[in-house]
Every structure is written in structure tokens, then in C-alpha cells.
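Chemist: Each chain, letter by letter, is given below.
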Amino acid sequence: MTAIEQEYVPPVRPQSFIRRLFSSRPVAISAAILIVIVLVSVFAGIVTGSQPFQIRPRMRLHAPNAMFRFGSDALGRDVFSLVLFGGRLSLLVGFFVALVSAVFGTLLGLIAGYFRIIDGVVMRIMDGIMAIPGVLFAVALVSLVGPRLGTIVAAISFSEIPRVTRLVRSVVLTVREEAYVKAAESMGIPTPLVLFRHILPSCIAPLIVQTTYIFAAAILLEAVLGFLGVGFPPDIPTWGNVLAEGRAVFQRGPWTIIAPGLFLAVTVMAVNILGDGLRDRLDPKLSRNAKVAA
Amino acid sequence: MNMSLAPILEVQNLSVALPAGLDRRLAVDGVGFEVHRRQIVCLIGESGSGKSVTASAVMSLLDKALTISGGKIVLDGEAITEATAERLCELRGDRMAMVFQEPLTALNPVMRVGQQIAEVLQIHKPQMSADAVEARVIELMTDVRLPNPALLMRSYPHQISGGQRQRIMIAMALALEPALIIADEPTTALDVTTQAQILRLFRELLTKHDSGILLITHDFGVVSDVADRVVVMRHGKVVESGSPQQVLTAPSHDYTKALIDAVPKFRFRPEFPASEKPVLDVRDLTLVYRSSSLFGSKRETRALDHVSFSVAAGETLGIVGESGSGKTSLGKCLLRFETAESGEIFVADKNLATLSGEALRHFRRNIQMIFQDPYKSLNPRRRVGASLIEGPVQHGTSRADAIERASELMELVGLKRDALDRFPHEFSGGQRQRICIARALAMEPAIIIADEPVSALDVSVQAQVLKLFEELRRKIGFSMVFITHDLRIASNICDRVAVMQRGKIVEIGPTEQLFCRPAHDYTRELLAATPGQGPRSERAL
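For the protein sequence lines, the chains are A and B, in the order given. Number 292 in our numbering belongs to position 292 of the first sequence; there are no gaps in the numbering. Counting from 1 along the second sequence, just add 294 to a position and that's the residue number in our numbering.
Quick caveat, the hints were computed from the structure, so don't treat them as lab data. Wrong hints could be hidden among the right ones.
Dumping the calculated PhoX-like pairs for lysine-lysine here, alpha-carbon to alpha-carbon at most 20 Å [said to hold, decoys possible]:
#1 B/Lys670 to B/Lys571
#2 B/Lys670 to A/Lys182
#3 B/Lys644 to B/Lys710
#4 B/Lys571 to B/Lys626
#5 B/Lys710 to A/Lys182
To be clear about the criterion: a stretch of chain B counts as covered by chain A if any three or more of its residues have a C-beta under 8 Å from a C-beta of chain A, and this derived list gives those stretches [what the hints assert, rightly or not]:
#6 653–659
#7 664–673
#8 679–689
What follows is a list of derived Cβ distance ranges for each label pair [to be verified]:
#9 A/Phe22 to B/His452: 40 to 50 Å
#10 B/Arg675 to A/Phe22: 18 to 28 Å
#11 B/Glu498 to A/Phe196: 53 to 63 Å
#12 A/Ser16 to B/Ala694: 33 to 43 Å
#13 A/Phe22 to B/Ala694: 51 to 61 Å
#14 B/His452 to A/Ile132: 35 to 45 Å
#15 B/Ser423 to A/Met269: 34 to 44 Å
#16 B/Glu498 to A/Phe22: 58 to 68 Å
#17 B/His452 to A/Val38: 33 to 43 Å
#18 A/Phe95 to B/Gly324: 55 to 65 Å
#19 B/Ser449 to A/Ala131: 38 to 48 Å
#20 A/Asp280 to B/Ile417: 29 to 39 Å
#21 B/His503 to A/Ala131: 57 to 67 Å
#22 A/Met269 to B/Ser449: 19 to 29 Å
All of these numbers come straight from a predicted model, not from anything done at the bench. Glycine included, C-beta positions come from ideal geometry on N, C-alpha and C.
Based on the provided sequences and hints, a complete structural model is requested.
Modeler: Here you go:
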């Protein structure tokens, strides 16, 4: 090689991804809040002490004080413990819904985007699912099968899968025309390998972003189900259940719904802000570095 | 020309700063030049030389990340580096206008072309009546030699050809009779015959409208055809400037010399010995694209029309033609990305056209592709080594053997062995194309299809990659179908050439014979339009 080509200097490696992500203050604060909420939910037993759900009929509807940090509910239970333990199930539902809908949605999206013959059928089915109101379907399924974690996750995931499928399919449609995918095909690489090695990695970034939104939506939907009385049974605390029970007495003890409502709202908002932050960083069209390089 | 002693555009010691953390501090470093009336000044350089940034600075259309850190730009006596945003808006269009490289993306796809020209007039001259605007649009379209302007102005951009779109862009630039037109690679996306027409048009308009043109290009052929003055840029600095005669025939700077040497010239290979047994034998290949509209009316496009040729062992066959001639469709057919309507493709005595499923997958290793854009043909998320051994391992080579072979190939294509552990973004375009060549060779194919493998590269890199092809042929010998639009490149690398037009091979023969004694009119036309054939013939205007 002559001198002209050897002078090429590869672009300077940009700052680490994590550092750039958290350089935005709202994103950093949201992440911190989420970590705190997850930790206190996971270690709820330690934080709240023994007998978290003890019913104390004589201590009904106490305002927040030294003993009941968030007050007590109509049965004299500690709202603080209820909210923390409730967070466990709500976060779990959010996590599993995000996972399940991401996995199934991705598989369907890859198939629909790559095999053009199946595309029409898969996408029309997805359109059909999107036409069913998510809450109604979840209510129907849970009343039919019974309120268990698996059922609730399945019921909520069902209506989230089409969103992921659409997203992944649209990425596959553009990436499958890239020369490096054509090159892999021309080398006789089997189709599943082409899909997972060469096409799937391009879907990961938008997928992470979409998954955070689904996570937030699932927590909300689970709370809606609990509030409507078709979620987990009333003796198992979730944010939705606690809200539902507080509804009857909220004029005398507003703290019974303020505390779980606040946790729910803050969690959902934090997840969404984190999702926006990820989108800004992962979407190459919005990234600052990509613009300068072009 | 006595009235125009003062230059239209004067760029003095211009510097543009890059954001921190890139390979150099200044995108443009102390650049100065002048454009006079009735003059075409060519700004020439390779990618990254800062020529486009200079043009954007003159138009005040710099990317937000870039800032002018020093110097002065004077347009017609007015320093635009000190002008307000409002004044700049008035100046753009009125006193200076820009013509972009890609006329399809620079035009609004959902607006009729006549309306787009009219818009410029309506914004800058609101006092003009609707009739006057339309009359002016037709006049402008006539000026840029568009056929039947009254009818054509009602078309949408996708309904007209690339050359016509570029003419519309030029008409828009001319609408307000600007003193200065900046054209950024205006002919790069066009076919050679169209390019020749557009360049001729520039020369004509210059005289008629009494303006100056700043033409940005990477092609010395274009420079020698139209330039009055040449400014050669490298790494943001001007390395040489002067008249084209002086710069092209007696360059004073080494870089200019290297660049001029790298420009492909007609140079023929020694005659290829005739051999009986072809590696690739294509017979009567026909490919038809069908599109049916909502109401059932069908349209057929014959992309390939009874194409037949063969390639002998060790031979390189060139496929040349303009866009739309079917050369890329031919490549896709040979790789079975498209299934031909009829015809046979024999590779190693097997008819590729009828294989399907697993049999096709296994057979694919025999025919490999080198793509045009080296930035898109390597998976950006996989290490070079992984991309290189993927194919061979799939076809039964052991991992260790494949890695050993891959590192040998790396050295063979002029890269270091440790390149295997790196990612594609750590390499330049030319280096990536070397990796792509190595990847194709790693499969040990019977034949390689190369679709415009050097047209996305700078001239100096282009020359090196062509040399590499030559070396590899000598060392390991392979057969190749080389698709290109550039006849000069074809002459350097091909033993035989097939000229395609509208899906048909109109002429095929040994390269030297075909180029020196072309039998078909279309071949002659292509040869005549090839840029850089000496001094301008249109200067007489």
C-alpha cells in the first residue's frame, strides 16, 4: 500500500455508552429512583420488619406517624409495607410482560420481515390483536382462568406483542437489503443463522427502548386490573389492589391511595424517562456523534 | 468582460473548526481562492479534503457542529461572514445558489417540478404575477434544454430521468440569476453521456447569465473538460491552484501528481489466450420484472433480454453500460438473488438457474460477490475474522484451517494479520474493500461477481484496489465478471467486455478491439462521452 491510504486514522472512540446515557440529569435521576424502588421492593421484608400485613382493627385509618410511616388502611394494616410488598408483584409483572412480549414479538417480527410469503398473514393477525382493547381482553382471560401471575402476564403480553412485532419487522425489512446480509446469503449461510447473526443485532437498540415502554405500560395495566378487582386476590398486595381498597375510604384516609398512587406514578414516569434517554442515545439518527461523522 | 474585474466570490484565509475529538482540529485550514465572472473554478480533492465544507461555508449552510474560526468570505463586495441571518437568507437564491449531487433527494417528491422552480421566484419576488412566474419557469426550463417545458413542468420528480432532474435543479439555481452558482458533485450520480451534456450546459449558461460557477468534484476528467481554474485541496488545505493546463500537465505538488497518476486511463491488458472450457456459461438469460397495479393492469420490464456469454477459466469479463441497462440485474441473476424467467447459467457443469433449496445453498459457495459500497457490505457488529471464516466453516472447513487461510488472505490483500481481530469501522473504505475481496476469495469460488467494486472509492484508492485485483489474478488466478460504468476502469482490468443497453448485450469482444474499433453506435457514444479526453471542445462559445 502506498502512503495515501495508510494515513487513514480511525475515528476516535467516543465516550462510553453508560457515561453518555447518564450525562442527562433526568435520565440519571430516573435510573437512581428506579434502583431505589427495585431494591426496597426486593428487600421489603427487611425494610418493613416482621408481620407486615398484620390486621390491627383498633388502629384503623391512622394518619402517617412514627409507627405507620404511610399511615394505616381500613383494616389497620401498615400502608408502607403494603406498598413495598405490592411493588414486588407489580415490578415482577412488568418485567415478565416486557420479557415475554419482547421474545415472542421479536420472533414473529423476524419471520414476518424476512419471509415475505408469511408476512401478510402474520401482520393481519397482529392487526387483529391490536383491534382488541387490551384491558377488556385481560379482564376476560383473568376471569376465565383465574388470577395467577402466569395468567396476568400472558393476558397483558398478548396485547403488547403486536407492537414489538411491527417494530422488529420494520427493522428487518431495511436490514435484509444491506449488502452484508446479501453477502451472507451468497455464502450459503443457513437462514436461521442469517437472521440471528446478521439481522437481529440491528434490532436490539430499538427493542430495548420499546421494552422499557412496555414495562411501564404493563405495570399500569396490572394496577388497572387490580383496581377493577380482576387482578391478584385482595389479600395479596399489589399497587392496584391497595389503590382499590383505599378507594372506599379515601375521604377519611387519603394516604391509603396517595402512597401507592405516588409509587406507581413515579415508577412509570422514571421508566419512561429512561426509555426516552435510551432512545436518544441508541437511535443513530439522533445521536450527536453520528451527525459529525457524516 | 472588462466590466468584471472584481471577483464575484473571494474566499480569504478561511478556517472552519471541527468539534473536539476528531482526527484533526480544522476541517478547512486557511483556504483562499477567487471566482470571477464567466469562470468555472473547480475545487478538487478526495473525500475528507474539506471541499464540501468550504462550499457549505460559502453558502452559510454549515452543520451546527462546525464553526468558522477565521477568515473572510466576500460575495460581490459584501462580506457574508459578517451578514445577519436575514440578509443571508436574501443572498441565498438571489445572489448565490447551490446545485446538489443527488437530484432525486434534493427535489421535493410530492411537488410538481414546475411548482418547485416557481416557489423560488414567489418567495424572492412576491410582486411577480402568476402568469409572469409561469412564463419565467418555462423560459428557465428552455434555458436548461429541457424538452417540452410546458408539459414537463407538470411532472413529479420520479417521472423524469436523472439528467432531467439535475436540469430542474440547475433551473432552480438560475431562477434569480445569481452571481454565483455552487455545484457540489453535480454530475457524479449521472451517466457519462448525461454528464457530458450537463457540463456543456454549465458552460453555455455561464456566458448567457454572466455568472461564476464553483464546481466541486473529485474527477479530474471533469476538471480537464470544463475548468478555467483548479484548486486542489487536501486535509483542509489548498495544496495547489492554477489553470487546468498548468495543474494537469505540470503539477508542482507531489499530491497533485499522485492524484493525476491515479486517474484511470485507457490501458489494455495483453490478449487473453483462448481456452475451450468456460467456467461460467450463460445462455439466453431473460429476466422480467412484473408489477401489477390495484386495478389489474400489468406492467412488464425486461431487465434482461436473451443475454448469452461465457467466461473462461482465469478470464475477467467486463459488463459496461449506463444505469438501467440491466448490468446490476445480471449480477443479481448470476447470484440467484433474482430468479430468471428463462435461460441457463452453467457453473462447473451445473445449471444454477434450476437449483433451489438446500442444493442451491450448498452450491452458492461457487459464485461469490464483491459489492459496490464497502461501508455496507461488512457486518458492522462482527469482527473481520468472524466475517471471513463464517462461510468456509459453514461449508465444512475446520475453524483452525479457516482462520489460518483467512490470515494468509489478509496478507495477500495487503493488510496485517491482526486485522482479523478488529471491527470494520476501524478501516478506511479501501481497506474494507480489500477485506471484502478476501472474504470472497476465502470461499474459493469458481467465479467472482464484482458489481462496481471501486466506484465508491477515491481515485488514489481506486488505483490501488485495481492493482490488487491484478496482483491476485497473477498469484492465485480466478475468473471474474466485473460490472462497471467506467470504460477506463474496464479497459484496465478486463480481458473481454460486453456492452449492455436496455437489457441486451449489444456488443461483446476483446477489450482492445472493442474500444479501438467499436462496431455498435452505442459503444461509440459511450466512448465519446467518457470524461477527461483532453481540452474542452466547447470552449469556442
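Chemist: Does each hint hold? Answer for all of them.
Modeler: Hint check:
1. B/Lys670 to B/Lys571: 35 Å, violated
2. B/Lys670 to A/Lys182: The given pair, whose Cα atoms are some 10 Å apart, holds under the 20 Å limit.
3. B/Lys644 to B/Lys710: Not OK: B/Lys644 and B/Lys710 at ~37 Å, beyond 20 Å, violated.
4. B/Lys571 to B/Lys626: Roughly 24 Å between the alpha carbons, so the hint for B/Lys571 and B/Lys626 is violated.
5. B/Lys710 to A/Lys182: Violated, because 26 Å separates the two Cα atoms, which is more than 20 Å.
6. 653–659: Since 5 is at least three, the answer is holds.
7. 664–673: holds (count 7)
8. 679–689: Answer holds; 5 residues pass the 8 Å Cβ test.
9. A/Phe22 to B/His452: 40 to 50 Å: 45 Å, holds
10. B/Arg675 to A/Phe22: 18 to 28 Å: Taking Cβ atoms as reference, B/Arg675 and A/Phe22 lie about 24 Å apart, which means the hint holds.
11. B/Glu498 to A/Phe196: 53 to 63 Å: Taking Cβ atoms as reference, B/Glu498 and A/Phe196 lie about 57 Å apart, which means the hint holds.
12. A/Ser16 to B/Ala694: 33 to 43 Å: Given range 33 to 43 Å: holds, Cβ gap about 34 Å.
13. A/Phe22 to B/Ala694: 51 to 61 Å: 43 Å, violated
14. B/His452 to A/Ile132: 35 to 45 Å: Since B/His452 and A/Ile132 have Cβ atoms about 39 Å apart, the given range 35 to 45 Å holds.
15. B/Ser423 to A/Met269: 34 to 44 Å: 56 Å, violated
16. B/Glu498 to A/Phe22: 58 to 68 Å: 59 Å Cβ-Cβ, so the 58 to 68 Å window holds.
17. B/His452 to A/Val38: 33 to 43 Å: 52 Å, violated
18. A/Phe95 to B/Gly324: 55 to 65 Å: 58 Å, holds
19. B/Ser449 to A/Ala131: 38 to 48 Å: Given range 38 to 48 Å: holds, Cβ gap about 40 Å.
20. A/Asp280 to B/Ile417: 29 to 39 Å: 34 Å, holds
21. B/His503 to A/Ala131: 57 to 67 Å: 60 Å, holds
22. A/Met269 to B/Ser449: 19 to 29 Å: 51 Å, violated
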